[in-house]
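**Student:** Chains as they are written, first to last, in this note's numbering: chain A, 1 to 327; chain B, 1 to 306.
Treat the hints with caution; some may be incorrect.
To be verified - Stretch by stretch, here's where chain B covers chain A in the computed footprint (C-beta under 8 Å, at least three residues):
id, segment
1, 239–253
2, 296–310
Unchecked claim - So, partial list: chain A residues that the calculated Cβ filter (under 8 Å) puts toward chain B:
id, residue
3, ARG40
4, PHE63
5, GLY126
6, TYR128
7, ILE130
8, SER146
9, TYR150
Said to hold, decoys possible - To give a feel for the contact side, a few chain B residues facing chain A, derived at Cβ under 8 Å:
id, residue
10, VAL289
11, ILE293
12, LEU294
I should point out that these hints are in silico values taken from the structure, not numbers from a laboratory.
Model, not experiment: these values are computed from the prediction.
We treat Cβ as the ideally placed atom computed from N, Cα and C, and that holds for glycine.
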Amino acid sequence: MRQTVTREAITNAGLALLLLVVPLAASVMDEPFYVTLATRIAVLALAAVGLNIALGLGGLVSFGHAAFFGLGGYAAGILATHAFNAEPLFLGIPATTSMPAIWLVAVVVCGLVALPIGAISLRTSGVYFIMITLAFAQMIYYFAISWPAYGGQDGLSIYVRNTFPGVNTAQPLPFFLICYALLLLGLALFWALSGSRFGAALHAARQNATRLAAVGIAPFNIRLTAFAISAMITGLAGALFADLNRFTSPSMLSWHMSGELIVLIILGGKGRLFGPVAGAMLYVLFEFALGGITERWQLFLGLILLGVVLFARGGLMGLVAGKERYG
Amino acid sequence: MSTALLIEQLLNGLQLGVMLFLMAAGLTLIFGVMGLINLAHGSFYMAGAFACATVAAATGSFWIGLIASLIAAAAAGAIVEMAVIRRLYERDHLDQVLATFALILIFSEGTRWLFGSFPLYLDIPPLLQGAVPLPGGGQYQLYRLAIIGVGIVVAIGLYLLISRTRLGMRIRAGESDREMIAALGVDISTLYTVVFALGAALAGLAGALVGALQSVQVGMGEPVLILAFVVIVIGGIGSIKGALFGAVLVGVVDTMGRFLLPQALSLVLPPSQTALISGALASMLIYIVMALILAFRPTGLFAAQP
Numbered sequence: 001m002r003q004t005v006t007r008e009a010i011t012n013a014g015l016a017l018l019l020l021v022v023p024l025a026a027s028v029m030d031e032p033f034y035v036t037l038a039t040r041i042a043v044l045a046l047a048a049v050g051l052n053i054a055l056g057l058g059g060l061v062s063f064g065h066a067a068f069f070g071l072g073g074y075a076a077g078i079l080a081t082h083a084f085n086a087e088p089l090f091l092g093i094p095a096t097t098s099m100p101a102i103w104l105v106a107v108v109v110c111g112l113v114a115l116p117i118g119a120i121s122l123r124t125s126g127v128y129f130i131m132i133t134l135a136f137a138q139m140i141y142y143f144a145i146s147w148p149a150y151g152g153q154d155g156l157s158i159y160v161r162n163t164f165p166g167v168n169t170a171q172p173l174p175f176f177l178i179c180y181a182l183l184l185l186g187l188a189l190f191w192a193l194s195g196s197r198f199g200a201a202l203h204a205a206r207q208n209a210t211r212l213a214a215v216g217i218a219p220f221n222i223r224l225t226a227f228a229i230s231a232m233i234t235g236l237a238g239a240l241f242a243d244l245n246r247f248t249s250p251s252m253l254s255w256h257m258s259g260e261l262i263v264l265i266i267l268g269g270k271g272r273l274f275g276p277v278a279g280a281m282l283y284v285l286f287e288f289a290l291g292g293i294t295e296r297w298q299l300f301l302g303l304i305l306l307g308v309v310l311f312a313r314g315g316l317m318g319l320v321a322g323k324e325r326y327g
Numbered sequence: 001m002s003t004a005l006l007i008e009q010l011l012n013g014l015q016l017g018v019m020l021f022l023m024a025a026g027l028t029l030i031f032g033v034m035g036l037i038n039l040a041h042g043s044f045y046m047a048g049a050f051a052c053a054t055v056a057a058a059t060g061s062f063w064i065g066l067i068a069s070l071i072a073a074a075a076a077g078a079i080v081e082m083a084v085i086r087r088l089y090e091r092d093h094l095d096q097v098l099a100t101f102a103l104i105l106i107f108s109e110g111t112r113w114l115f116g117s118f119p120l121y122l123d124i125p126p127l128l129q130g131a132v133p134l135p136g137g138g139q140y141q142l143y144r145l146a147i148i149g150v151g152i153v154v155a156i157g158l159y160l161l162i163s164r165t166r167l168g169m170r171i172r173a174g175e176s177d178r179e180m181i182a183a184l185g186v187d188i189s190t191l192y193t194v195v196f197a198l199g200a201a202l203a204g205l206a207g208a209l210v211g212a213l214q215s216v217q218v219g220m221g222e223p224v225l226i227l228a229f230v231v232i233v234i235g236g237i238g239s240i241k242g243a244l245f246g247a248v249l250v251g252v253v254d255t256m257g258r259f260l261l262p263q264a265l266s267l268v269l270p271p272s273q274t275a276l277i278s279g280a281l282a283s284m285l286i287y288i289v290m291a292l293i294l295a296f297r298p299t300g301l302f303a304a305q306p
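Just chain A, with the same shape it has in the complex:
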């Protein structure tokens, strides 16, 4: 591997720095709105980093990652509600408002749900896989809507943002820093995974599954593991998203959310380390800028997206950092 500093590395560092400096400056200038905007970018980027493991590295186009995003959100919402009402969960297990515990629950739940969904969906490939992951997410969505104990269609409010030891999470900046740190962790995991033996097998499963099987590695196991890891990271982001909005609702589980997560990756650049970050920045800024001008911003988002898919393949990272380099 050449040790020269690539254009991509510079772009990545620039994006990481930008996402840190802007909210710090906004906080100094007492503009908490922009800190919240940056937090939204960090959380959505983390969710997309999760999806990027399945979609970018593994070539598994999951159109159902909203399921895990929403499950993470509900983990935060349900634990916080139980803790707020001082009700134990079940079997007398006490609820908690401690973020690390909530994250753990979100990650474990998403991993456990992803295994059966992945095991069934991965029996198929291509369009079937897209539609089946979509259908499973829809199943969980309808379950959330028809289960009234946790808000049903109305969703679930988190009255006080959950706590992190030693940090005042009610303030925008500390909460941003938590999300930013987790985003960096997620990116580090993606990077480590991509360069590892497992990552090599995953790349191979995407490029030529038959050859991978011929050298003695079952593509199914590799893909299932990647799918579960991917779901867990997206679930963690979901828990943060619920805490950011202090609200969990079935809309986090809806297929529009799944679509948005894919959009983030494609806007930024599929399979690129910082693709999701670039995509989330672009998306949230579009939403903010267009939303300020017109109520119909989704129409223009659709047009821009269509333009990106048809004409700007490779996304923002492709434009700024050039083509993907290997080795």
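With chain A's structure known, arrange chain B on it following the hints.
**Tutor:** For chain B alone, kept in the frame of chain A given last:
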């Protein structure tokens, strides 16, 4: 539980199945011939419903509205195919998903812009108002029966179109070998536009027919679209026969699940929990059925040869 109620629910399931077939037939045809996954199919459903409601309100005739819905949806389909979809055939499924997802955003917001956020209403035509008696007592809405009839006619028509006409021959040829029929001098791009417009027209017809039962509003196509995906995944993507079978299966299982599950669960569970659990279970039932079928037949029940 009376027989009449059971028959009524079965017919409701059949009616839902027929609607899903109209959606799924187009989707599966487009996938079979062009290899394209089209998320924007629900938008044609919506376009058909809006065209029907608008024209019916302007002319006072549901029938003219119905014709308008077919024309509008087919035209929208043809335009979209020529402007956007045509560039996607050679791309991977991810690009297709995204581009058609973008089309949904454009269609939904565009429709909201043109028609506002309030739902439109469409009346059942006088000819089809009223009800017919069912065996075992009870009555059934004539209009719903008519929808089932339309579905059967369309299914037969599609079968004849595909198995007996020159266009159908080309469609079948396109399904088995795209390059070869282009090499044999068939104008493949016109064929694609025609197939896409045909699929869109079927979706528009479904939207217009359902528009008289529900309100006509933005986003009405999305739940149907996802059910149609379940249908074609169960039936086997690319198979019209599979779409028909899957549609009826999904329609009946969904309707009967919502009807029978509460009664079945009330035998074993206390009443306070019955409503809760049966409601949640019924809404998940078709997805469970789909998962079961796929666990045994990963390419669906009637999959075309890969």
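**Student:** If a hint holds in the structure, say so; if it doesn't, say that too.
**Tutor:** Results for each hint:
1. 239–253: violated (count 0)
2. 296–310: It holds, with 10 qualifying residues against the three required.
3. ARG40: With a closest approach of 19 Å, the A:ARG40 hint is violated.
4. PHE63: Since the shortest Cβ distance to chain B is 7 Å, the answer is holds.
5. GLY126: holds (6 Å)
6. TYR128: holds (6 Å)
7. ILE130: holds (6 Å)
8. SER146: holds (5 Å)
9. TYR150: Violated, about 11 Å.
10. VAL289: Cβ of B:VAL289 sits 11 Å from chain A, so the hint is violated.
11. ILE293: Violated: closest Cβ of chain A sits about 10 Å from B:ILE293, beyond 8 Å.
12. LEU294: Given a least distance of 6 Å, the restraint on B:LEU294 holds.
In this structure, the hints that do not hold are numbers 1, 3, 9, 10, 11, in rising order.
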